[in-house]
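Start from the sequences, fold in the hints, and give me the full structure.
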Amino acid sequence: MRFQARVEVQLRPGIADPEGATIERALPALGFDGVVHVRAGRSFSFEVDAPDEGAARTKATELADRLLANPVIEESRLELVFLGS
Amino acid sequence: MAPRVGVVVFPGTNCEHDVVQATERLGARGELLWHGDVSVGSVDAVVLPGGFAHGDYLRPGALARFSPIMEAVTRFAHEGGPVVGICNGFQVLTEAGLLPGALQKNGHLRFLCQPTRLQVSSTASVLTGLAEVGEELVIPINHFSGSYTCDEETLRRLRDEDRIVLRYLDNPNGSVDDIAGITNAVGNVVGLMPHPERASHTLLGSEDGLVLLRSLLAAARR
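Residue numbers (the numbering used here), protein chains in the order written: chain A, 13 to 97; chain B, 5 to 226.
Treat the hints as calculated values from the structure; they're not laboratory data. Positions of the beta carbon are idealized from the N, C-alpha and C atoms, including for glycine. Watch out, some of these pointers could steer you wrong.
Looking from chain A toward chain B, a few residues come up when the C-beta cut is under 7 Å (computed) [claimed, not checked]:
| # | residue |
| --- | --- |
| 1 | P30 |
| 2 | T34 |
| 3 | V50 |
| 4 | N82 |
| 5 | V84 |
Structure follows, in structure tokens:
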């Protein structure tokens, strides 16, 4: 079975985010008022072959935690969509 | 016998020859170790030098830590061998879990390339053994992701166990507790953002890095 995985990586709450802060500071000059708490992150997508959804989830989660995110400062969120057998 | 210093080269490393030259001026023998090697050979110390290993893609050090040589470096470190990560090398050591915490993008998102004033905070490490606590050193930094970050529990342990070896006197990048360099629990693995090899000759504007490199060579001889 093949699954489409999307992993979002963001800094953990409480970890300073200079990119998000810089974007937020630029917003008023561009005319965007009332936008707060900007956090920058990254998104990754890949396809996983696995015997079932649980196995695909385990594999994608391990990949996210060991490589895509640094758990010391970042957290990741995984979305999985069934593509086909 | 001159101590042998293994200097690891990843694709994108660019300070390896500077480190070799600086250590050889102090009487050591420098040897380049390729990232694909599965052994560090019979070196007496290992340096992970600065640069942009694997283009710093994903995060600095994130891909380099999976290189075959890193398993050998980890074994060498666990056997008590002196291991020092400079700048990008420090980032690799944190990603590899040989040192705690992480190096984040600098506050204000500035790439910093400048001499910095440092203070030796602990001499209980292979890099600061010959220095004195409180000693002031001027050594350049050259990085975009050098803001040392860790959770409060880790910071408390680093302080209590005297593992913060170098602090910035004018914190340039937003590091917690002005941290410029730390060591592991037994003092044989050290990571620091400043480049001691770039402060190893009067022609470079400072020789303050020599006391650190001499300390490393002294530890390597043991």
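How the hints compare with the structure:
With a cut of 7 Å, the hint placing A/P30 at the interface with chain B holds, because the nearest CB-to-CB distance is about 5 Å. Interface restraint check for A/T34: the shortest CB-CB distance to chain B comes to about 6 Å, inside 7 Å, so the restraint holds. For A/V50, the suggested interface contact is broken, since its CB lies about 14 Å from the closest CB of chain B, more than 7 Å. Interface hint at A/N82: satisfied, since its Cβ lies 5 Å from the closest Cβ of chain B, which is below the 7 Å cut-off.
Because the beta carbon of A/V84 sits about 4 Å from the nearest beta carbon in chain B, less than 7 Å, this interface hint is met.
Going down the numbered hints, you'll see the structure goes against just number 3.
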